[in-house]
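Given next are the chains, with one letter for each unit.
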Amino acid sequence: MNKCYDCVSVQPVEQEKQVFHLVGYEYFLGFLIIAGAVPVLALAASKLLRPRTGGPERRTTYESGMEPIGGAWIQFNIRYYMFALVFVVFDVETVFLYPWAVAFNQLGLLAFIEALIFIAILVVALVYAWRKGALEWS
Amino acid sequence: MTSGIDLQVSFIKTLTDMGLPQGAAKALWIPLPMTLMVIGAVVGVLVTVWLERKVSAAAQQRIGPEYAGPLGVLQPVADGVKLVFKEDMVPAKADLWLFTLGPILVVVPVILSFLIIPFGQNMVVTDLNVGIFIWISLASIAPIGLLMAGYASNNKYSLLGGLRAAAQSISYEIPLAFAVLAIAMMSNSLSTIDIVEQQAGYGILGWNVWRQPVGFLIFWIAALAECERLPFDLPEAEEELVAGYQTEYAGMRFALFYLGSYINLVLSSLIFAVLYLGGWEFPIPLSQFSDWLGVSQDTSWLQVLTASLGIIMTILKAYFLVFIAVLLRWTVPRVRIDQLLNLGWKFLLPVALVNLLLTAALKLAFPFAFGG
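Sequence lines, in order, name chains A and B. Residue 76 in the numbering used here sits at position 76 of the first sequence; the count goes up by one each step and never skips. Residue 104 in the numbering used here sits at position 104 of the second sequence; the count goes up by one each step and never skips.
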């Protein structure tokens with residue numbers, strides 16, 4: 001039994017060398033289809049089963065029982081963009097740090113110092129954003 | 001280390017023995033673990049909803065659901081069926097496409113993240129080498145769905161709730177990513193299987209909780225914020241924003257948001273268990289048991305037992321965390337939006353950075369204790 005156990009599992013290893021980057025992603029694609037089917041099926045089932053009632057009054061926008069005053073597609077406060085901007089800076093930073101962290105055991109002290117400098121630069125950015133009030137809500 | 005049982009290999013072997021070509025056998029195999037995982041996730045949500053209602057009731061000295069099934073276990077199913085039959089409501093001024101796409105974009109990435117949850121050495125849909133990074137990247141899709149839902153509703157409460165939700169998730173994603181980074185550094189890998197195996201061998205003492213005491217707190221706080229659980233459920237703070245971005249939602253579209261948020265809670269708990277609580281590992285190393293019983297680790301009944309125990313342990317650990325999250329809901333008051341953002345940016349982010357650098361420094365100083 002053990003022999004055949006091997007002969008089945010050898011082939012994927014060879015495949016792994018050929019399409020090195022995409023091994024295992026056929027599962028990702030398959031799972032994407034299955035996961036995507038969940039909301040589609042749920043919405044379709046509900047569409048078949050639910051009652052169809054309601055007039056124009058029921059479809060008015062909710063505003064605590066008042067007639068809605070104006071729409072909501074208007075300008076909104078810039079502070080939301082500030083957080084998004086600071087987020088982009090740090091999110092890109094984490095993407096750069098992931099390969100560093102995974103390979104850290106082979107890199108040693110020099111890589112540590114390099115990452116220290118890299119993070120120090122970004123901490124300057126954080127301190128700048130902090131002092132400028134980009135992280136203030138009010 | 002034994003390889004444990006591998007269902008994929010045995011399944012494909014059985015089919016090829018029956019005369020099927022290998023490719024066809026593999027194609028038959030691929031949808032099986034995925035479908036099982038999706039069903040498992042949905043059942044997990046039903047259990048979580050029931051647990052939440054029962055624990056909440058106990059915390060307030062009520063009985064909670066009790067009529068649908070024994071101890072009310074069928075209550076979440078009844079709720080779900082009710083939502084399917086509910087009338088559909090789309091505000092006349094809303095953007096129908098974005099309104100529908102919003103909840104879909106929230107729910108699909110969280111289901112997709114179950115791709116990398118391991119329940120045993122070979123009990124994972126696929127062991128990608130980028131593993132946990134898939135989860136981090138998928139988690140950043142959800143805010144887009146929230147923004148979309150908030151904007152498409154054309155309602156002021158929804159808009160504010162959607163913007164708040166997006167601001168909250170992106171603020172806590174960075175501490176979360178840094179906490180995961182420290183774990184990846186100790187495991188020298190992003191694969192969830194490697195992360196668990198790196199914690200194996202010493203039972204409960206080998207788990208990452210002890211080596212990442214700060215990291216696991218950061219992760220837990222950030223994960224609660226990502227799931228919009230109390231004390232961080234600001235996007236839906238009902239005194240201020242009615243129901244936040246969900247205000248205009250009804251019927252199945254609302255159910256998708258509901259499902260998404262509970263799957264997210266289960267998912268975060270599972271990932272927490274994998275990263276910090278040794279995943280499928282038993283608190284006492286199982287090799288000691290087999291030595292004590294005098295049987296080889298390759299014995300088939302022992303392998304089956306180990307595999308089932310692994311699944312049970314993973315689920316137990318995750319549900320322990322769900323239980324903690326539910327208890328926290330009734331013990332901690334909701335924070336204000338400025339407090340929330342201050343906590344994320346001015347406290348968790350610097351602490352997570354220091355934690356990462358400290359882990360790196362300790363790994364240089366004590367390579368053995370921090371994964372070589």
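For the record, the hints were derived by calculation from the structure and aren't laboratory data. None of these values were measured; they are calculated from a predicted model. Any given hint could turn out to be false.
The calculated lysine to any residue pairs, modelled on SDA-like cross-linking and capped at a C-alpha distance of 20 Å, are [stated by the list, open to error]:
1) LYS346/B x SER46/A
2) LYS54/B x PHE323/B
3) LYS93/B x ARG79/A
4) LYS132/A x LEU122/A
5) LYS346/B x GLY36/A
6) LYS47/A x LYS54/B
7) LYS346/B x LEU85/A
8) LYS132/A x LEU96/B
9) LYS93/B x PHE76/A
10) LYS93/B x PRO68/A
11) LYS132/A x LYS86/B
12) LYS86/B x SER46/A
13) LYS86/B x ARG52/A
14) LYS346/B x GLU93/A
15) LYS26/B x TYR25/A
16) LYS47/A x GLY69/B
17) LYS346/B x ARG79/A
18) LYS346/B x TYR128/A
19) LYS93/B x ILE69/A
How the hints compare with the structure:
{"no.": "1", "hint": "LYS346/B x SER46/A", "result": "violated (45 Å)"}
{"no.": "2", "hint": "LYS54/B x PHE323/B", "result": "holds (10 Å)"}
{"no.": "3", "hint": "LYS93/B x ARG79/A", "result": "violated (26 Å)"}
{"no.": "4", "hint": "LYS132/A x LEU122/A", "result": "holds (15 Å)"}
{"no.": "5", "hint": "LYS346/B x GLY36/A", "result": "violated (37 Å)"}
{"no.": "6", "hint": "LYS47/A x LYS54/B", "result": "violated (32 Å)"}
{"no.": "7", "hint": "LYS346/B x LEU85/A", "result": "holds (16 Å)"}
{"no.": "8", "hint": "LYS132/A x LEU96/B", "result": "violated (40 Å)"}
{"no.": "9", "hint": "LYS93/B x PHE76/A", "result": "holds (19 Å)"}
{"no.": "10", "hint": "LYS93/B x PRO68/A", "result": "holds (11 Å)"}
{"no.": "11", "hint": "LYS132/A x LYS86/B", "result": "violated (49 Å)"}
{"no.": "12", "hint": "LYS86/B x SER46/A", "result": "holds (8 Å)"}
{"no.": "13", "hint": "LYS86/B x ARG52/A", "result": "holds (10 Å)"}
{"no.": "14", "hint": "LYS346/B x GLU93/A", "result": "holds (17 Å)"}
{"no.": "15", "hint": "LYS26/B x TYR25/A", "result": "holds (14 Å)"}
{"no.": "16", "hint": "LYS47/A x GLY69/B", "result": "violated (28 Å)"}
{"no.": "17", "hint": "LYS346/B x ARG79/A", "result": "holds (16 Å)"}
{"no.": "18", "hint": "LYS346/B x TYR128/A", "result": "holds (12 Å)"}
{"no.": "19", "hint": "LYS93/B x ILE69/A", "result": "holds (13 Å)"}
Checked against the numbered hints above, the structure breaks hints 1, 3, 5, 6, 8, 11 and 16 and satisfies the rest.
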